[in-house]
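Student: Fit chain B to the known structure of chain A by using the hints.
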Amino acid sequence: MKKALVLLGCPEAPSQNPMAVYSVYKLTSLGYQVTVASTPSALKLLEVSDPEEFYVKNKIDIETCLENLEEGSFDLLVGFVHKDAAVSYFVTFYHILNTNSIAVVFEKDPELLENYVESITGSTNATIVSARAYHNPTPIRVKFDRALKKLED
Amino acid sequence: MTFCLETYLQESENYEILISRAGFKDCIEVIEDHAPETIHVKPGEKILGVRIIGIPPITIGIDEKKGTITLPYTKPCYGTAVVELPVDKEEIVNIKALDIKE
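Going down the list, the sequences are from chains A and B.
Numbered by my numbering, the letters in the first sequence go through residues 1 to 153 in order.
Numbered by my numbering, the letters in the second sequence go through residues 1 to 102 in order.
The shape of chain A in the complex, shown without the other chains (with noise of 0.2 Å):
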C-alpha cells in the first residue's frame, strides 16, 4: 500500500484542520495509508473533529517523526504551510524523504504567500497549491484537488 504524509504546521490558521482532515479523506479514497505529523496543539483539533477517527487513523508528532524520517519512508509529502517555519519544515522533510510532494501554501498577506512559494520553489521540486486564503478552506480545496487529479494522470 502506498503511504503518505501530511506535514502540518502550527494550527494558528483556521483552514488547516478542515484541510487536513480533507486531505486524508482525498488521499485514502486514492488507495494512500496517511499519517498526519502535527504538533500536539494542531493534533488536538484533529481529535476533537474526528473523536472515532473516522477519517484520520493514524498521527504522529512532528518532532518524534522528523527524529526518526529516512528516505523511503513515504510515498507523498504533502505539506501544509501558511508561516515561515512551515516552509523550513517543508522543504526539510522534503529532502530527507526525496520523493514526491505537495505543498499546500495559504496566506492572508499576497506577498507573504509570494514568499513563501519562491523560497519552496527555490530549493525543492514539489508541486505547489498556493492560494490567498485564512478562513474559508475552498480555493484552497479546489487547487488541492486539481493538483492530485495531476499526481493521478
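None of these hints come from the bench; they were simulated from the model.
The structure displayed is predicted, hence computed values, not measured ones.
It is possible that some hints are incorrect.
Derived pair list, reagent style DSSO-like, types lysine-lysine, alpha-carbon separation capped at 27 Å [claimed, not checked]:
(1) B/K75 - A/K44
(2) A/K26 - A/K3
(3) B/K42 - B/K101
(4) B/K42 - B/K75
(5) A/K108 - B/K75
(6) B/K42 - B/K25
(7) A/K3 - B/K42
(8) A/K3 - B/K25
(9) B/K96 - B/K75
(10) B/K65 - B/K89
(11) B/K66 - B/K46
(12) B/K25 - B/K66
(13) A/K26 - A/K143
(14) B/K65 - B/K96
(15) A/K44 - A/K57
(16) B/K46 - A/K59
(17) A/K59 - B/K75
(18) B/K25 - A/K108
(19) A/K3 - B/K46
(20) B/K75 - B/K46
(21) B/K75 - A/K57
Tutor: Below, chain B without anything else, positioned relative to chain A:
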C-alpha cells in the same frame, strides 16, 4: 551520554539567543554576520542530536577561538531562532565534516 541540543537548551543557561521568533532568511544573515567562520549543511542533518531544519544550504557558524557554534533552531509555532552555544573541539570537527562545500 550523547549531547542533545533540546535537553541542553532546557537545562542550561550557558547559551546565547541572538534572534528569536524570526524568519529563516533573517536568521541566516545573523549567523553570517556573527560567526568568524561558516559551513553549510543539508536540511535534516543531525547536529548535537537534533535535525537541522531549514532551506538549503543551511549556514552554521563556527567560532573555534570561543569554542562555540551558532545555528538556526526552528519550531512550528515560534519561527526560527539563532542559538550560539559552547561545544567541545571534537564536536566542532564532527560538524565541519558535514559541510557540503558550496
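Student: Give a verdict on every hint.
Tutor: Going through the hints against the structure:
1. B/K75 - A/K44: Measuring from Cα to Cα gives roughly 18 Å; hence the hint holds.
2. A/K26 - A/K3: Within the cut-off at roughly 13 Å; holds.
3. B/K42 - B/K101: At roughly 11 Å apart (the allowed maximum being 27 Å), B/K101 and B/K42 satisfy the hint.
4. B/K42 - B/K75: holds, 18 Å
5. A/K108 - B/K75: Status holds; Cα separation ~21 Å.
6. B/K42 - B/K25: holds, 15 Å
7. A/K3 - B/K42: holds, 24 Å
8. A/K3 - B/K25: This hinted pair is violated, its Cα atoms lying about 32 Å apart.
9. B/K96 - B/K75: holds, 24 Å
10. B/K65 - B/K89: holds, 10 Å
11. B/K66 - B/K46: holds, 22 Å
12. B/K25 - B/K66: holds, 25 Å
13. A/K26 - A/K143: Holds, at roughly 13 Å.
14. B/K65 - B/K96: holds, 15 Å
15. A/K44 - A/K57: Distance of about 14 Å is within 27 Å: holds.
16. B/K46 - A/K59: holds, 24 Å
17. A/K59 - B/K75: holds, 19 Å
18. B/K25 - A/K108: The hint holds at about 21 Å.
19. A/K3 - B/K46: holds, 25 Å
20. B/K75 - B/K46: holds, 16 Å
21. B/K75 - A/K57: holds, 25 Å
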